[in-house]
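S.K.: Note that the sequence shown covers residues -24 to -1, 1 to 214 in mature numbering (1 follows the signal peptide of the UniProt record, and there is no 0).
What the hints contain is simulated information worked out from the structure, not anything from laboratory work.
Any given hint could be a false lead.
Unchecked claim - Using C-beta positions, here's what the derived DEER-type ranges look like: (1) I170 / D19: 18 to 24 Å; (2) D56 / R174: 38 to 44 Å; (3) L20 / I170: 18 to 24 Å; (4) E124 / E179: 17 to 23 Å; (5) E67 / D19: 19 to 25 Å.
Claimed, not checked - List of simulated lysine-lysine pairs, DSS-like, C-alpha gap at most 25 Å: (6) K97 / K86; (7) K157 / K113; (8) K57 / K34; (9) K157 / K178; (10) K178 / K97; (11) K134 / K60.
Ideal Cβ placement from N, Cα and C applies to all residues, glycine included.
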Amino acid sequence: MPWLDWFFPIEMLVVGLSGGVATGKSTVSNVFRAHGVPIIDADLVARQVVVPGTSTYKRLRKEFGDEYFDDEQGGVLRRDKLGKLIFSNPEKRKALNAITHPAIQWEMLKQFLTLLITGTKYIVFDTPLLFESGYDKWIGTTIVVWCEFENEVERMMKRDNITRADAEARIHAQMDIEEKKKRAKIVIDNNGNIDELREKVKEVIAQMDKSWKPYIFRVVFGLILGVVPYYFIKYMRS
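Start from the sequences, fold in the hints, and give me the full structure.
M.R.: Now the structure itself:
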């Protein structure tokens, strides 16, 4: 594909995947996963760090109050209710991010280091806030999945069973998709059907599988893991 040719000479080990609220990012992520590519899913991590009993959970409960937690279900976070609040209130959204982002970043880093040590050619970070959170500054490859605004609104209304007003509010609460496209190294158009999207992703994977740079990175990383501890222990014993 011509739109891939200029990019892959600088392909890196870490791949950042983002998109709009309902542009098909999850489908793209699933195609990567089906091809054996490990996924670090920020949405999944975000759910894990707020389970009852965690420090992040306790801070959220203190900040937002009991009404956003379902005590009849073990005190779980009422994600839908909190979502409506933060999508309409920038200050509350900022407070939520300040509490959850450090915990999410730490958990994602732990997963990344584990995958790096256990061995994988490349890793996909699946996160809707790839650019907003600044992850793109340290991720070598960034992919954005996009579709036209009307398509995104209709897909979200159908998927989440919400009104058009709610769908539009959620879309506008995130960075404009055109800005994401400008920042991305790879842009995947998802205005067609799901089979067309899957084929586009498979072409991206095929090109990435040809890259040799991740192997060089792994060799260097392995040398660092082996050499640095050796000289550190030697120094401590001297």
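S.K.: In ascending order, which of the hints set out earlier in this document are inconsistent with the structure?
M.R.: 2
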